[in-house]
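> Sequence:
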Amino acid sequence: MTAPLNVAILGASGYTGSELVRLLARHPRAAIRALTADRKAGQAMADVFPQFAGLDLPRLVTIAELDLAGVDLVFCALPHGTTQTVIKDLFAKKPELKVVDLSADFRLTDPEAYATWYGHAHQALELQAEAAFGLVELNREAIRGARLVANPGCHSTTSILPVVPLLRAGLIDPANIVIVSSTGMSGAGRAAKEEMLFSEVSEGVHAYGVGKHRHTSELDQEFGKAAGRPSLATFTPQLIPMNRGIYANITVTLAAGATAERLHEALATTYAGEPFVQVLPFGKVPQSRHVRGSNNVQLGVIADRGPDRAIVISTLDNLVKGASGQAVQNMNLISGFPETEGLNQLAIFP
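Just so we're aligned: 175 in full-length UniProt numbering is position 175 of the sequence shown, and the numbers increase by one with no gaps anywhere.
Since the hints were derived computationally from the structure, they do not count as laboratory data. Don't take each hint at face value.
Straight line, CA to CA, 16 Å or less: simulated EDC-like cross-link-like pairs of lysine to aspartate or glutamate [as the list claims (entries may be wrong)]:
| no. | residue 1 | residue 2 |
| --- | --- | --- |
| 1 | K93 | D110 |
| 2 | K98 | E130 |
| 3 | K225 | E261 |
| 4 | K88 | D47 |
| 5 | K284 | E261 |
| 6 | K88 | D56 |
| 7 | K225 | E200 |
| 8 | K284 | D304 |
| 9 | K40 | E65 |
| 10 | K98 | E137 |
| 11 | K40 | D72 |
| 12 | K225 | D110 |
| 13 | K94 | D72 |
| 14 | K94 | E137 |
| 15 | K284 | D308 |
| 16 | K98 | D67 |
Taking CB as the label site, the calculated pair distances span [stated by the list, open to error]:
| no. | residue 1 | residue 2 | range |
| --- | --- | --- | --- |
| 17 | D308 | E96 | 30 to 36 Å |
| 18 | P4 | D308 | 26 to 32 Å |
| 19 | Y118 | V205 | 35 to 41 Å |
| 20 | R229 | E96 | 16 to 22 Å |
| 21 | D38 | G224 | 16 to 22 Å |
| 22 | E200 | V285 | 39 to 45 Å |
| 23 | R140 | P241 | 18 to 24 Å |
| 24 | L125 | P4 | 29 to 35 Å |
Just so you know, these numbers come straight off a predicted model, no measurement behind them. No residue lacks a Cβ here, since even glycine has one placed at the ideal position from N, Cα and C.
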């Protein structure tokens, strides 16, 4: 029997960290060898997340206590801005290590863009230059040979998957893309915040980061690359009172000669054979409940009233395909495993 891939999860006490544990605990080719936390160091994982009772998992330790001996791959589920120096130190200690980073620290290829959006200079420019943008369906070959993979953001994954193929095909106007992307509460993280209390967010919807959300920088980068010229989408995220899921309504202006039906055909062709992307029949509207708990993405294309516009709808689970499931998919790819390994769970419905 082939030896398992030994993995460590940094930041295991957060939602994305715990989702990695959930997925990897039943992965047939991976073994969890180390888990880190900050405030929860010294505790058992089941004390922090009781759903893991009965699993044989390592106790939580600080990053300073992490022993890389025997570890083949590290998942970093740490806050933005802190991960750069952590990963730089990991590679200094063990250059042959593989890293999948779930923060935003290595997603942008332009150092100036990073400084503009995140308010400080990047602390590991040489690593930023080598990182692969970890959206497997659109960047598979670059990821396959990477040492460092930058998992895309959840909002950006939801919008990039449907929009980039349309830009590459020249079917839509890069200057007229309007995205309203609604996310569940787990996207805000697990830290205690007054504005995230149940009574503060239930029975209502509100926009946040309007005109300045940091995932916009990923859209600018990937849309511009696909279009071959700058593309500044209008992006408005919204917080809705559900635990999981992202639901993006994307209004696009059609290029000359394009139709909504051609957009649907282009997406169906692009994702034919992709195990985690389902393009629904033309005119059918996806629902977030149908991807909950899975690594699946559902896309729908609907003709708008105006003959020069179409509506594209995209939905996924922000903790799975939007974060930890995508990270496991990246791990599978760079490790030579089947991409679907450990990710075959169906959506939880109802």
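> Does each hint fit the structure? Answer for all of them.
Each hint, compared with the structure:
1. About 26 Å separates the Cα atoms of K93 and D110, which puts this hinted pair outside 16 Å; it is violated.
2. With a CA separation close to 12 Å, the supplied pair K98 and E130 stays within the 16 Å bound.
3. Restraint check for K225 and E261: not satisfied, since their Cα atoms lie roughly 24 Å apart, outside the 16 Å limit.
4. The suggested pairing of K88 with D47 is violated, with an alpha-carbon distance near 31 Å, which exceeds 16 Å.
5. A C-alpha spacing of about 12 Å is found between K284 and E261, which places the hinted pair at or below 16 Å, so the restraint holds.
6. A distance of roughly 30 Å separates the Cα atoms of K88 and D56; the hinted pair therefore is violated under the 16 Å criterion.
7. For a cut-off of 16 Å, the pair hint linking K225 to E200 is broken: about 39 Å separates their Cα positions.
8. For the given pair, K284 sits about 13 Å from D304 by alpha-carbon distance, which is consistent with the 16 Å threshold.
9. The straight-line distance between the Cα atoms of K40 and E65 is roughly 13 Å, inside the 16 Å bound, and the hint therefore holds.
10. Distance restraint check for K98 and E137: the Cα-Cα separation of roughly 20 Å exceeds the 16 Å cut-off, and the hinted pair is therefore not satisfied.
11. Between K40 and D72 the alpha-carbon distance is near 24 Å, which puts this suggested pair outside the 16 Å criterion.
12. Between the alpha carbons of K225 and D110 the distance comes to roughly 12 Å, so the proposed pair stays at or under 16 Å and holds.
13. With a C-alpha separation of about 9 Å, the suggested pair K94 and D72 falls inside the 16 Å cut-off, and the hint holds.
14. The straight-line distance between the Cα atoms of K94 and E137 is roughly 29 Å, outside the 16 Å bound, and the hint therefore fails.
15. Between K284 and D308 the alpha-carbon distance is near 19 Å, which puts this suggested pair outside the 16 Å criterion.
16. About 15 Å separates the Cα atoms of K98 and D67, which keeps this hinted pair within 16 Å; it holds.
17. One distance hint, 30 to 36 Å for the beta-carbon pair D308 and E96, is violated here, with the actual separation near 53 Å.
18. Here the CB-CB span from P4 to D308 is close to 54 Å, at odds with the stated 26 to 32 Å.
19. Hint check: Y118 to V205, Cβ distance near 27 Å, so the stated range 35 to 41 Å is violated.
20. Taking 16 to 22 Å as the suggested C-beta distance range, the pair R229 and E96 does not conform, at roughly 39 Å.
21. Range check, D38 to G224: Cβ separation about 36 Å, and the 16 to 22 Å hint is violated.
22. Roughly 30 Å separates the CB atoms of E200 and V285, a value that falls outside the hinted 39 to 45 Å.
23. Separated by about 36 Å at the C-beta atoms, R140 and P241 break the suggested range of 18 to 24 Å.
24. Our hint of 29 to 35 Å for L125 and P4 holds, since their Cβ atoms are close to 34 Å apart.
This entry does not satisfy hints 1, 3, 4, 6, 7, 10, 11, 14, 15, 17, 18, 19, 20, 21, 22 and 23, going by the numbered hints stated previously.
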